[in-house]
Amino acid sequence: MKKLLRAGFEHIEDGFDVLFGPKWNPFYQLGALGWFYYWIVIISGIYLYIFFDTGITEAYQSLDYLTYEQWYAGGIMRSLHRYASDALVIMMMIHLLREFAMDRFRSSRWFAWFTGVPMLWFVFSAGITGYWMVWDTLAQYIAIATTEWLDTLPLFGEAIARNFLSDTTLSGRFFTLMVFLHIALPLFLLFIMWIHIQRHASPRVNPPLELAAGTFIMLLVLSIAKPALSNAPADLATVPAVVGLDWFYMSIYPLLDYVPGLTVWILLVTATALLLLVPWLPPGQRNPVAVVNLDNCNGCSRCATDCPFSAITMEPRSDGSAYEHEAVVDASHCTSCGICAGACPTATPFRRRSDLSPGIELPDQPIKELREKTITASARLIGNDRVIVYGCQNSLNPEEMAGTGAGVVTMPCIGMLPPSFIDFVLSKKLADGVFLTGCRAGDCYFRLGIKWTDARIAGERDPRLRQRVGRERIGNFWAGLTRRKDFFRELAAFRMRLKNLASSQPEKQPPPAASENDREITHA
Amino acid sequence: MPELRYIVGQVIAFTLFAIGLGYFSNSPTYTHHDPEMALIKLSFSHASQHKEECRRLSPEEIAALAPNMRRPMDCPRERVPVLVEMTMDGNTLLRKSYAPTGLAHDGAASAYEKIPVTPGQHKLTVRLRDSNRDEGFDYEDGININLVPLQQFVIDFRNSSFQFY
Numbered sequence: 000m001k002k003l004l005r006a007g008f009e010h011i012e013d014g015f016d017v018l019f020g021p022k023w024n025p026f027y028q029l030g031a032l033g034w035f036y037y038w039i040v041i042i043s044g045i046y047l048y049i050f051f052d053t054g055i056t057e058a059y060q061s062l063d064y065l066t067y068e069q070w071y072a073g074g075i076m077r078s079l080h081r082y083a084s085d086a087l088v089i090m091m092m093i094h095l096l097r098e099f100a101m102d103r104f105r106s107s108r109w110f111a112w113f114t115g116v117p118m119l120w121f122v123f124s125a126g127i128t129g130y131w132m133v134w135d136t137l138a139q140y141i142a143i144a145t146t147e148w149l150d151t152l153p154l155f156g157e158a159i160a161r162n163f164l165s166d167t168t169l170s171g172r173f174f175t176l177m178v179f180l181h182i183a184l185p186l187f188l189l190f191i192m193w194i195h196i197q198r199h200a201s202p203r204v205n206p207p208l209e210l211a212a213g214t215f216i217m218l219l220v221l222s223i224a225k226p227a228l229s230n231a232p233a234d235l236a237t238v239p240a241v242v243g244l245d246w247f248y249m250s251i252y253p254l255l256d257y258v259p260g261l262t263v264w265i266l267l268v269t270a271t272a273l274l275l276l277v278p279w280l281p282p283g284q285r286n287p288v289a290v291v292n293l294d295n296c297n298g299c300s301r302c303a304t305d306c307p308f309s310a311i312t313m314e315p316r317s318d319g320s321a322y323e324h325e326a327v328v329d330a331s332h333c334t335s336c337g338i339c340a341g342a343c344p345t346a347t348p349f350r351r352r353s354d355l356s357p358g359i360e361l362p363d364q365p366i367k368e369l370r371e372k373t374i375t376a377s378a379r380l381i382g383n384d385r386v387i388v389y390g391c392q393n394s395l396n397p398e399e400m401a402g403t404g405a406g407v408v409t410m411p412c413i414g415m416l417p418p419s420f421i422d423f424v425l426s427k428k429l430a431d432g433v434f435l436t437g438c439r440a441g442d443c444y445f446r447l448g449i450k451w452t453d454a455r456i457a458g459e460r461d462p463r464l465r466q467r468v469g470r471e472r473i474g475n476f477w478a479g480l481t482r483r484k485d486f487f488r489e490l491a492a493f494r495m496r497l498k499n500l501a502s503s504q505p506e507k508q509p510p511p512a513a514s515e516n517d518r519e520i521t522h523a
Numbered sequence: 000m001p002e003l004r005y006i007v008g009q010v011i012a013f014t015l016f017a018i019g020l021g022y023f024s025n026s027p028t029y030t031h032h033d034p035e036m037a038l039i040k041l042s043f044s045h046a047s048q049h050k051e052e053c054r055r056l057s058p059e060e061i062a063a064l065a066p067n068m069r070r071p072m073d074c075p076r077e078r079v080p081v082l083v084e085m086t087m088d089g090n091t092l093l094r095k096s097y098a099p100t101g102l103a104h105d106g107a108a109s110a111y112e113k114i115p116v117t118p119g120q121h122k123l124t125v126r127l128r129d130s131n132r133d134e135g136f137d138y139e140d141g142i143n144i145n146l147v148p149l150q151q152f153v154i155d156f157r158n159s160s161f162q163f164y
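Quick note, the sequences are listed as chains A and B, same order. Everything in the first sequence is counted per numbering that gives the first Met the number 0, starting at 0 for the first residue and increasing by one. Everything in the second sequence is counted per numbering that gives the first Met the number 0, starting at 0 for the first residue and increasing by one.
Please keep in mind that the hints were generated in silico from the structure rather than gathered at the bench. Mixed in with the good hints there might be a few duds.
Pairs of lysine to aspartate or glutamate, DMTMM-like flavour, derived with a Cα cap of 20 Å [to be verified]:
#1 B:K95 x A:E157
#2 A:K22 x B:E2
#3 A:K450 x A:D461
#4 B:K95 x A:D150
#5 B:K113 x A:D256
#6 B:K113 x A:D150
#7 B:K113 x A:D166
#8 B:K122 x B:D140
#9 B:K95 x A:E147
#10 B:K113 x A:D461
#11 B:K113 x A:E147
#12 B:K113 x A:E157
Bear in mind that the values here come from a model prediction, so they are computed numbers and not experimental data.
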């Protein structure tokens with residue numbers, strides 16, 4: 000089911016890539032958009048709070064004042080508050096479903112999933128208390144339905160729905176409670192959101208400026224075109240028979256008319272418990288985590304900087320070496336992506352004088368093996384368009400790629416590929432070109448693999464690909480699962496370019512593979 | 000400079016998103032009560048009489064108690080259930096017993112009932128029993144009302160008498 004879901008998402012995202020481009024694709028920015036909507040809700044909420052009066056009639060009147068007399072500011076703020084809250088629910092639900100479909104919750108990644116689930120309760124509770132505060136007929140319905148539902152729990156001696164029997168028994172203090180809850184719940188939510196991203200290095204909490212601008216303009220236009228309005232004032236002597244529900248927050252309410260309230264509680268609590276347990280149902284396969292080889296670790300901290308899950312810390316040296324620090328892997332955070340090995344300057348295939356054992360690597364997929372696989376894959380290549388394809392294990396099937404006549408080498412994440420391997424392949428003439436593929440651009444399974452790889456090749460991030468390497472012999476296509484045809488087309492075009500290069504350029508000897516990448520790391 | 004097609008793409012996608020957002024934020028409407036009907040709500044929170052009378056303890060029984068818990072009377076805390084009967088124009092709308100709350104069944108009995116009724120002129124009678132008696136009721140009251148559609152008519156029981164509003 001998950002594969003189907005993932006394929007479904009990727010097909011939809013293909014469409015959004017066409018509309019938005021990979022950089023702005025909202026599906027790759029769901030969490031960041033959630034944060035963005037949250038801040039809109041908070042800022043607009045602070046403005047509304049300045050003018051909001053707590054009281055049975057005052058609450059409604061103060062919102063009417065904002066909506067009609069101050070429509071240009073308060074009215075728009077009120078609408079932004081509502082629509083951003085609705086958009087937050089949409090983003091949150093798609094984010095949850097997508098992370099499930101993409102299998103990004105198992106093993107060490109349980110933490111973000113587990114801390115994300117309680118947010119559902121906080122977001123829905125905060126939204127419902129917000130509607131309650133307006134004290135119009137919808138609020139009346141929500142207040143009565145919610146308290147009746149709460150009364151099905153064996154917690155309250157006296158039915159709390161009795162507070163809403165008539166206007167004469169309704170207390171103004173109830174609005175004070177609602178205001179308190181409506182402020183406290185989002186603050187708790189913020190706290191959990193902060194915890195939610197604690198295990199992510201460079202968490203994406205801000206969408207790209209263009210996407211943020213687009214979504215904000217959308218909310219603004221909607222706020223002007225269809226402002227959020229109150230219904231008629233609440234009147235407890237009359238039943239609000241027909242209500243215009245905000246379905247993003249109140250979908251559960253109609254169910255309460257058909258299913259006993261206690262059953263709905265049991266369903267919700269069970270669903271929440273199951274969601275919380277999803278990472279362990281069944282437990283995912285745990286691959287061996289990265290190991291540090293202190294003999295080759297000079298404490299440069301590149302692995303710690305590049306680790307997408309904050310699994311590596313730099314600690315004082317424990318082996319008496321002259322270097323100040325050493326990398327230490329927290330096994331409970333490590334996702335076995337191998338990006339640390341790709342960042343390690345000692346992971347260079349040019350090393351000849353000693354065994355190829357970098358400062359950090361995955362024990363089950365060592366860098367030495369990557370070099371052997373590269374050499375083996377290149378051995379059977381012929382012609383003047385020989386290509387080594389480096390791919391990640393979360394995208395296209397390697398066998399399918401090998402069917403194109405290219406030499407294929409895969410690894411957990413493309414970020415595991417040290418850039419010196421590209422230099423190695425081209426300078427040793429193992430192939431005429433190197434083609435990189437993996438997850439979709441902007442949506443790396445291990446979060447930052449593609450980003451770091453692009454930056455390393457562009458010479459913007461350590462370890463950099465050396466300047467001498469001809470960039471025209473490097474191609475990439477971030478395919479994901481579903482863009483098979485595009486991948487094969489891009490690969491064929493790349494090979495054609497290599498053929499053209501071969502025919503247009505006299506054969507040159509590559510410059511000697513020397514200097515930095517060849518240098519052995521020696522230790523005191 | 001962003002490509003024009005991406006800007007056009009954003010406009011199309013955000014327009015559709017805004018339409019969905021604007022529509023489902025208060026539509027379609029939901030009817031949770033028949034607009035042709037009125038509603039009677041019967042609700043109270045009432046502590047009934049104790050199930051058993053207080054009993055004076057014998058000197059031997061008092062002596063058997065821990066020194067700090069000695070008392071002359073033994074008063075069982077458990078209360079009797081509250082029985083309520085409501086009739087409209089002679090027809091029974093509700094007859095139900097409400098157990099006292101609390102682990103020791105010593106709290107108030109709480110009721111909260113919603114009964115949709117046809118609008119019009121009606122005679123409502125409510126009776127309540129909160130004692131150990133087997134027959135009859137301890138409280139009874141009635142009212143002639145003219146209910147209109149969507150009217151919510153509340154019957155409460157406070158300070159040993161029925162309240163209608």
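Query raised in the report: When the hints from earlier in the document are held up against this structure, which numbers fail?
Result: 10
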